[in-house]
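Trainee: Chain residues, written in single-letter form:
Protein chains: 4
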Amino acid sequence: MNTFGNNFRLSIYGESHGPVTGIVLDGVRPGLELREDSFTEDLGRRRPGAEGTTARVEPDPVKILSGVYRGRTTGAPLCIEIPNLDVCSAPYEGISQHPRPGHADLTAALKFGGFNDPRGGGHFSGRLSAALVAAAVVAKKMLPGYAFEAKVVEVGGLKENWGPAIEAARSEGDSLGGIVECRVKGVPAGLGEPFWDSVESLVAHAVFAIPGVRGIEFGDGFAAAAKKGSEHNDIIGPDGRVQSNHAGGINGGISNGQDLLFRVAFKPASSIAKAGIPGRHDACFVLRTPVIVEAAAAIVFAGLQK
Amino acid sequence: MNTFGNNFRLSIYGESHGPVTGIVLDGVRPGLELREDSFTEDLGRRRPGAEGTTARVEPDPVKILSGVYRGRTTGAPLCIEIPNLDVCSAPYEGISQHPRPGHADLTAALKFGGFNDPRGGGHFSGRLSAALVAAAVVAKKMLPGYAFEAKVVEVGGLKENWGPAIEAARSEGDSLGGIVECRVKGVPAGLGEPFWDSVESLVAHAVFAIPGVRGIEFGDGFAAAAKKGSEHNDIIGPDGRVQSNHAGGINGGISNGQDLLFRVAFKPASSIAKAGIPGRHDACFVLRTPVIVEAAAAIVFAGLQK
Amino acid sequence: MNTFGNNFRLSIYGESHGPVTGIVLDGVRPGLELREDSFTEDLGRRRPGAEGTTARVEPDPVKILSGVYRGRTTGAPLCIEIPNLDVCSAPYEGISQHPRPGHADLTAALKFGGFNDPRGGGHFSGRLSAALVAAAVVAKKMLPGYAFEAKVVEVGGLKENWGPAIEAARSEGDSLGGIVECRVKGVPAGLGEPFWDSVESLVAHAVFAIPGVRGIEFGDGFAAAAKKGSEHNDIIGPDGRVQSNHAGGINGGISNGQDLLFRVAFKPASSIAKAGIPGRHDACFVLRTPVIVEAAAAIVFAGLQK
Amino acid sequence: MNTFGNNFRLSIYGESHGPVTGIVLDGVRPGLELREDSFTEDLGRRRPGAEGTTARVEPDPVKILSGVYRGRTTGAPLCIEIPNLDVCSAPYEGISQHPRPGHADLTAALKFGGFNDPRGGGHFSGRLSAALVAAAVVAKKMLPGYAFEAKVVEVGGLKENWGPAIEAARSEGDSLGGIVECRVKGVPAGLGEPFWDSVESLVAHAVFAIPGVRGIEFGDGFAAAAKKGSEHNDIIGPDGRVQSNHAGGINGGISNGQDLLFRVAFKPASSIAKAGIPGRHDACFVLRTPVIVEAAAAIVFAGLQK
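Line by line, the protein sequences give chains C, E, F and G.
Mapped onto this note's numbering, the consecutive letters of the first sequence carry residue numbers 1 to 306.
Mapped onto this note's numbering, the consecutive letters of the second sequence carry residue numbers 1 to 306.
Mapped onto this note's numbering, the consecutive letters of the third sequence carry residue numbers 1 to 306.
Mapped onto this note's numbering, the consecutive letters of the fourth sequence carry residue numbers 1 to 306.
Hints in this document: simulated from the structure, not taken from any laboratory.
One thing to keep in mind: the hints can contain errors.
Among the chain F residues that face chain E by a calculated CB cut under 8 Å, a handful are [what the hints assert, rightly or not]:
{"hint": "1", "residue": "Asn6"}
{"hint": "2", "residue": "Gly190"}
{"hint": "3", "residue": "Pro194"}
All residues carry an ideal CB built from backbone N, CA and C; glycine is no exception.
So here's chain C without its partners, still in its complex pose (with noise of 0.2 Å):
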């Protein structure tokens, strides 16, 4: 379903070339300061305009509909819509007859028996990405200790200097994926449940709803299992605190008091001119990610707060 978590409970609605992008929060904490321009900063980082990304243009001025009152959340479901406001539905008229590879339009299309909006992919599109970051602030507001910092590690195979690599790419019509790396910091230790609610599943279930995402991994991650347990363990000291961060901040799916540290693999965008396909494109979206990347994070640990 299209709803994410128990105590801080998201709804997301809306389709690229509809009206408007939204999400409801349940389980807000009451008297957060919140106003409308409280979401610009965030959704700017999402926003298009560095190179390698779309020329679609998105103000995204952010309406709250509900759950603020006199400047500070009511504790009632807040309800954030994001309007569309530069929509050109015409390059995507045929979609449902040539549907695009790698993207959804093809599984849409047979899930919902032909009935989804195909147009710039619906209610599949990453447009709703904004309606996880404008999310993700509210989250962020509720966890005053934490820090999140994610940042673009790698794009195309390259560690650093990517931009020409980019601009070649896009001068092909082509596109590179990439990886970003997000570290939270002040995570509190004990978070987290035994078993299915494990820290990493709920951020990995999380991440995973981000389009694009072909990986995660916690620490040292892939390379763990290329480690023997003399190297990849990390040491208790004497005062009763981890002391290392091979895990990335957790132990038997609770957090352990580190940072919490993961890396997300994004894959190269699917529309690309070179095979034809419409629409305006971004060369390497995953500039767009580590926001988003972050939001995923928050609205986890928004959730885990007592």
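With chain C's structure known, arrange chains E, F and G on it following the hints.
Mentor: Just chains E, F and G, lined up with the frame of chain C:
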């Protein structure tokens, strides 16, 4: 919480050194043939005995306590219990004073205020994965057209002939990690949800419940991050079918008719004699995990059936 | 939380004096015809205007913001918003100092630390039942073989001709309660769950979300408590069908093929001029509730369909 | 499904004539003292033996299988099993051919395609309420400031001295229904949710899981429907406290600091010798239900604690 799933719902309980490990399955299809020896094969695949695995003897005699009548599932909740026959708690005395690195000893104590059962990891023990495997025996019966095929593809960084490396690690009192690849054949197109409950989200959620998992990737996975869109896209043929499998069988969170394909990174075992950690140890527990990885996938798909 | 249901899931938001009341529906069947005027009839039944109902004018122009494409549901989350057109907040100044008896003014302030929106009851307003009725318009379309028939059967203790009593109450600045009976025809046998999610449990859960409900009973209801088993049992005929309906259409929590039959007791409105409570008042809001009671039942059955 | 609750979550299993009835509790507070004899008193209140109750002997020796270590709850899932010691299935032969009126025999067969366990009602048996009572023993320990006081207030239409009426019903091979009133003292103000998860919704949801319930009402209940607002409103005193209890302790779905007060109507037992129904019968099982009604309330409030 310790429950997973909506339409096929599992509630797990038990401790490593308690009387039983158990699991309650809700949403089981009525009329499936099920006997207590139906679990023998899959639980045998998880049992130690292969080179590099622990000496703990676990005959795993399963008891079905409810939900089966005259050899068939009834549709009512099905409870499976596996007695813990070979329990030796002596080596774990003192764990609460000396939490083992890499284990949940410390985090469990922090989460539960020191009231957790520390013997053998208590509720955090890998022992609970036996219950997961047992649940998946039922799940697989609900999925007659599927085939689940997981195997170890890498140990200690080696893609083949890893036996000597495991033997060397054992003789050093050390341990090795590894990678398991899982292929699920027969997945119908159209399963999964657009946003939060993408197939990747659900599978990752379940997989990270398995102790020792450090990462998961679908299809090209992390390698996709170094590819171009023109290399990664799966072309759709004139018959409307996806023709390659870079995506791992999923587009936009929805199964596309290809095999589901994913890989899971396991850390090296944290309990190593080298570090003076008491108890019986697996030099390479990853050898026992393919059936557990299959189980995680099977319970997800059992919940996605109509 | 403010979400209901698993397979047909509703998330409600909005305040009495905020810009909108809205609801997000997940699990909507794709392909249903739905236009913005599809809601007119049922919302009209809830609207004031009948004798004894409030003077607040609520034309209820519905906006569909997502989940519909070319006049049909897509299967993606469907968001319905109803703007609050006729909002007059002035009479509610001072509510936080002087909580109204029988309302949520006091309990809302206690629950949310005083940050709740007090105007017109805020998120606790009966106004939100408009969103419930709108959601049920969609639910009813998912239930083509059903008929929902609720009606007022008692007002102020009178089983008929209650008009003069309402008029008398109004002229005294007082209010009257009443009872609504709901019959659901066409319920297939075999719906519901044995234990927690019996049909009665689900219907009662939804019905008690309606403001002002004090009780619910199924079939013979409270009168059953004064009967003998030989009087209350519903005989099963030789054709295997239940032949009478003392149980209200449910045995063991599961629908038995008879009509679902239940009654709901509504309290008299708490806002009465007699007690000096400001705002516009219904002398007998129960007259507006049959369509809301139907809605509660419809959303339950939409979630129980396969 | 057969699970209830979010933060205090119960999963029930077992059949009347299977080896056990059990329940898994998740979200148990760590550190509570709990022994196997902690359940004796409440299970004894549910046990037959009083006039009018069945002859089935149920000593109810409880086994704690997980979640307790050194006499205290650990915070991990707590599994309680009650063996079914006195099982006599012979009288139930033939039930599948001759479903008993008023029971779930017919509806269970319809729901589960005839694969249900019909002996003694199988999973639909009143026997499962023993597990509910056992779970509530733990719930009550999580609620040290509360007192749960339920009692029978009416049997067969009589408000007192109903013994002769029960004896007469038994000698006629018939049965009587009745009403249980439950008062919960010590409920803090501010619990519950505005819309779907009102306190009434949650309590009613749990209460209708008890076999044989036909209705529930809070405070003035159905009588409120015949009152005027000026009679029904609970005045708020100058100290900000609610001064009477017509509402049953809830306003707008949220507890108001008064006692929670509700009444539950039970049908007369469906199994009556008069109708030739085989098995052991309660002439008036309502006498055994007060502790079950308390249990339903207790599990709700355990889930509402912060």
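Trainee: Are any of the numbered hints broken by this structure? If so, which, sorted upward?
Mentor: Those not satisfied come down to hint 2.
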